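Taken in order, these protein sequences are the chains called A and B.
Heads up: the first sequence runs through residues 1407 to 1683, numbered per the numbering used here.
Heads up: the second sequence runs through residues 280 to 395, numbered per the numbering used here.
Any given hint could be a false lead.
Straight-line distance between alpha carbons at most 20 angstroms, and here's what the computed SDA-like set of lysine to any residue pairs gives [to be verified]:
| id | chain 1 | residue 1 | chain 2 | residue 2 |
| --- | --- | --- | --- | --- |
| 1 | A | Lys1474 | A | Phe1600 |
| 2 | A | Lys1564 | A | Ser1536 |
| 3 | A | Lys1601 | B | Asp286 |
| 4 | A | Lys1474 | B | Ile365 |
| 5 | A | Lys1474 | B | Ala358 |
| 6 | A | Lys1564 | B | Tyr375 |
| 7 | A | Lys1564 | B | Met377 |
| 8 | A | Lys1601 | A | Arg1561 |
| 9 | A | Lys1601 | B | Thr287 |
| 10 | A | Lys1474 | B | Met377 |
| 11 | A | Lys1474 | B | Thr281 |
| 12 | A | Lys1601 | B | Asp282 |
| 13 | A | Lys1564 | B | Thr281 |
| 14 | A | Lys1601 | A | Arg1542 |
| 15 | A | Lys1474 | B | Asp283 |
| 16 | A | Lys1564 | A | Ala1533 |
| 17 | A | Lys1601 | A | Glu1475 |
| 18 | A | Lys1474 | B | Leu364 |
| 19 | A | Lys1474 | B | Ile347 |
| 20 | A | Lys1564 | A | Arg1542 |
| 21 | A | Lys1564 | B | Ile288 |
| 22 | A | Lys1474 | A | Arg1554 |
| 23 | A | Lys1601 | A | Asp1553 |
| 24 | A | Lys1601 | B | Leu312 |
| 25 | A | Lys1564 | B | Ala313 |
| 26 | A | Lys1564 | A | Lys1474 |
| 27 | A | Lys1474 | A | Arg1657 |
| 28 | A | Lys1564 | A | Asp1546 |
| 29 | A | Lys1474 | B | Ile288 |
| 30 | A | Lys1474 | B | Met285 |
| 31 | A | Lys1474 | B | Asp282 |
| 32 | A | Lys1564 | B | Ile381 |
| 33 | A | Lys1601 | A | Thr1548 |
| 34 | A | Lys1474 | B | Val361 |
| 35 | A | Lys1601 | B | Asp283 |
| 36 | A | Lys1474 | B | Ile381 |
Derived contacts from chain A toward chain B, CB cut-off under 8 angstroms, selection only [to be verified]:
| id | residue |
| --- | --- |
| 37 | Leu1410 |
| 38 | Ile1480 |
| 39 | Ile1679 |
In case anyone wonders, no lab produced these hints; they're calculated from the structure.
No experiment lies behind these values; they were computed from the predicted model shown.
Where a beta carbon is used, it is the ideal one built from N, C-alpha and C, also for glycine.
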Amino acid sequence: MHVLAFSVTVFAVSALAGFLGSLTGLGGGVIITPVLTLLLGVDLHYAMGASLVSVIATSSGAASAYVKEGLSNIRVGMLLEIATTLGAIAGAHLIRVVPVSALAVIFGGVLLYSAWHSFQQHSERPATVSDPLAVRLRLDSTYPDGDRHVPYHVRRVKTGFGLMFGAGLLSGLLGIGSGAMKVIAMDQAMCIPFKVSTTTSNFMIGVTAAASAGIYLSRGYIAPGLAMPVMLGVLAGSLGGARHLMAAGIRPLRLVFSAVIGLLAVEMIYNGISGGL
Amino acid sequence: MTDDRMDTIIGNLLRAGVALSAAVVAAGGAWYLAAGGSGTVDYRRFRGETRGLHSLVELPGPQALILIGLLILIATPVARVVFSLIAFALERDRAYVMVTAIVLIALLYSIGTAWW
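Isolated chain A (complex conformation) (with noise of 0.2 angstroms):
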C-alpha cells in the first residue's frame, strides 16, 4: 500500500480507537492490534510492538493528571511494579516460542474477558483492617474525595503480588497495558477502592510497557513507519477522549465499543484457529 494513503488511514483508525478507549474506560490499545491485523492485514508482531508504544504514550499521558491529583498510590504501584515488570520480560521472551496461532487465540480471550468485565458492577469492599505486610511496608494510605481524605487498608499483598505477575505476562507476550487485570488484582484481591486501583493500574502500564519494549526493540517487533500513525493517533485520540469524559451518555457507547471488542475477539480466536494470521 501507498506510505501516505497507509500511514494516514492507520492514523485515523488509530484516532478513533484511542478516543473511543479513554472515552469508555477500556483503553485503546487493546483494540488496535486486532483491527492493524485482520483490517489491515499487518502481521502480529508489527502490530502488538506499535500497540506496545502507543500503550505507553497514552497510559504516561493519563497517570500524570492523576498522580498529582493524589490518586495513585506510588507505593501500591511501585511494589507491584516487580511483579509486573518480571511477568513482562518473561511474557516478551515467550513470544519467540508461543506459535502466531496460539497468540491470536489468547489475544481473543483476553478481549473477550475485557468486554464483558467493563459491565459488571463494581461494589466496593473497603477492608477494616490491614495485611500486617501492608502495615509494614505502609501501602495504608487516604485518597481525595471532594475536601476530606478517605483512608483505606490494603489486604492480601502476596496475592495480588501474583495476580500482578500473570497481569504483566499477559502484557509482554501481547503487547497490551492488561489494565483491567491489574485492576481486578487491587479492588478485588487488595481490597483498594477503585478509583486508586484504576489511577494507579494506570501509573503502573508506562514501566510495565517499558520493560517488555526493550526486548520488543531487539526482536525487530517496533517497526518505526508503522508504530509513527499508532502512538500519534492513539495518543491524540485519547486526548480527545478525555475531554469529552464527563459527557452524558457514555453508556450506550460504551455497549457499542463493547460489541466491537467481542467481534474482533471472536474473528481473532476464528483465525488463530484458521492459520488465517
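With chain A's structure known, arrange chain B on it following the hints.
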C-alpha cells in the same frame, strides 16, 4: 521530600516526556512522509529489520528520527523510576529504595537486550 511533592514532580516528568516524544515522532513522521512520497509499504510479512539500538545508524534519517522519539517515550517511565529511587533515598525509606532498585534493574535489563 514529602509524598505530595513527589507526586507533582512525577506528574510533570511524565507529561514532559510524552510531549517531547510525540513532538520528535511527529517531526520524524513528517520527514518520513515527505521523503517517501511515492513509495509503498508492506507489513504483511514479519522481517524485523529494525533490531536494537544500532538500527539508529543503519536506518534512513526519517525512520531513525522516529525511533529516537520512541526511545524518549520508552525512557520516560524509566526516568520516573530513577526519580522515585532518589526521592525514596532522600526520605531515608530503605525498604522502598530496595523495591525501586529491583524495578530499575528489570528495566535496565530489558533495555540492555536492545543495546547490541
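Hints versus structure:
With a C-alpha separation of about 18 angstroms, the suggested pairing of Lys1474(A) with Phe1600(A) holds against the 20 angstroms cut-off. The straight-line distance between the Cα atoms of Lys1564(A) and Ser1536(A) is roughly 13 angstroms, inside the 20 angstroms bound, and the hint therefore holds. Between the alpha carbons of Lys1601(A) and Asp286(B) the distance comes to roughly 17 angstroms, so the proposed pair stays at or under 20 angstroms and holds. The hinted pair formed by Lys1474(A) and Ile365(B) meets the criterion: a straight-line CA distance of about 19 angstroms does not exceed 20 angstroms.
At roughly 17 angstroms between alpha-carbon atoms, Lys1474(A) and Ala358(B) fall within 20 angstroms of each other, so this suggested pair holds. At most 20 angstroms may separate the alpha-carbon atoms for a hinted pair to count; Lys1564(A) and Tyr375(B) meet this at roughly 17 angstroms. Between Lys1564(A) and Met377(B), the direct Cα distance comes to roughly 18 angstroms. Compliance with the 20 angstroms bound is thereby established for this hinted pair. Among the hinted pairs, Lys1601(A) with Arg1561(A) is consistent with the structure: their alpha-carbon atoms are about 16 angstroms apart, no more than 20 angstroms.
Restraint check for Lys1601(A) and Thr287(B): the C-alpha separation of about 19 angstroms stays at or below 20 angstroms, so the hint holds. Note on Lys1474(A) and Met377(B): the hinted pairing is violated, with a Cα-Cα distance of about 24 angstroms set against a maximum of 20 angstroms. At roughly 13 angstroms between alpha-carbon atoms, Lys1474(A) and Thr281(B) fall within 20 angstroms of each other, so this suggested pair holds. In summary, the hint linking Lys1601(A) to Asp282(B) is supported, as the alpha carbons are separated by about 19 angstroms, within the 20 angstroms threshold.
For the suggested pair Lys1564(A) and Thr281(B), the alpha carbons sit about 27 angstroms apart, so the restraint of at most 20 angstroms is broken. Annotation: proposed proximity of Lys1601(A) to Arg1542(A) is violated, straight-line Cα distance about 23 angstroms (limit 20 angstroms). Distance check on the hinted pair: Lys1474(A) and Asp283(B) sit about 8 angstroms apart at the alpha-carbon level, within 20 angstroms; holds. With a C-alpha separation of about 16 angstroms, the suggested pair Lys1564(A) and Ala1533(A) falls inside the 20 angstroms cut-off, and the hint holds.
In summary, the hint linking Lys1601(A) to Glu1475(A) is supported, as the alpha carbons are separated by about 12 angstroms, within the 20 angstroms threshold. At most 20 angstroms may separate the alpha-carbon atoms for a hinted pair to count; Lys1474(A) and Leu364(B) meet this at roughly 18 angstroms. This hinted pair does not check out: Lys1474(A) and Ile347(B) have alpha carbons roughly 28 angstroms apart, beyond 20 angstroms. With a CA separation close to 13 angstroms, the supplied pair Lys1564(A) and Arg1542(A) stays within the 20 angstroms bound.
Taken as a hint, the Lys1564(A) and Ile288(B) pair is broken in the structure, with Cα atoms around 30 angstroms apart against an allowance of 20 angstroms. For the suggested pair Lys1474(A) and Arg1554(A), the alpha carbons sit about 16 angstroms apart, so the restraint of at most 20 angstroms is met. Note on Lys1601(A) and Asp1553(A): the hinted pairing holds, with a Cα-Cα distance of about 16 angstroms set against a maximum of 20 angstroms. Proposed proximity of Lys1601(A) and Leu312(B) is contradicted: the alpha carbons are some 42 angstroms apart, above 20 angstroms.
At most 20 angstroms may separate the alpha-carbon atoms for a hinted pair to count; Lys1564(A) and Ala313(B) exceed this at roughly 53 angstroms. Only pairs whose Cα atoms come within 20 angstroms are accepted, and Lys1564(A) paired with Lys1474(A) is rejected, the gap being roughly 28 angstroms. Under the criterion of a C-alpha separation no larger than 20 angstroms, the hint pairing Lys1474(A) with Arg1657(A) is inconsistent with the structure, at around 28 angstroms. Between Lys1564(A) and Asp1546(A) the alpha-carbon distance is near 15 angstroms, which keeps this suggested pair within the 20 angstroms criterion.
For the given pair, Lys1474(A) sits about 8 angstroms from Ile288(B) by alpha-carbon distance, which is consistent with the 20 angstroms threshold. The suggested pairing of Lys1474(A) with Met285(B) holds, with an alpha-carbon distance near 9 angstroms, which does not exceed 20 angstroms. With a CA separation close to 11 angstroms, the supplied pair Lys1474(A) and Asp282(B) stays within the 20 angstroms bound. Between the alpha carbons of Lys1564(A) and Ile381(B) the distance comes to roughly 17 angstroms, so the proposed pair stays at or under 20 angstroms and holds.
Taking the CA atoms of Lys1601(A) and Thr1548(A), the gap is near 11 angstroms; set against the 20 angstroms cutoff, the hint holds. Of the supplied pair hints, the one linking Lys1474(A) and Val361(B) holds, its CA atoms being roughly 18 angstroms apart against a limit of 20 angstroms. For the suggested pair Lys1601(A) and Asp283(B), the alpha carbons sit about 18 angstroms apart, so the restraint of at most 20 angstroms is met. For the given pair, Lys1474(A) sits about 25 angstroms from Ile381(B) by alpha-carbon distance, which is inconsistent with the 20 angstroms threshold.
Evaluation of the Leu1410(A) hint against chain B yields a held restraint, the C-beta minimum of about 6 angstroms falling below 8 angstroms. At its closest, the beta carbon of Ile1480(A) sits 7 angstroms from a beta carbon of chain B; the interface hint therefore holds under the 8 angstroms criterion. A cut of 8 angstroms between beta carbons decides the hint on Ile1679(A): the least distance to chain B is about 20 angstroms, and the hint is violated.
Checked against the numbered hints given earlier, this structure breaks hints 10, 13, 14, 19, 21, 24, 25, 26, 27, 36 and 39; the rest are met.
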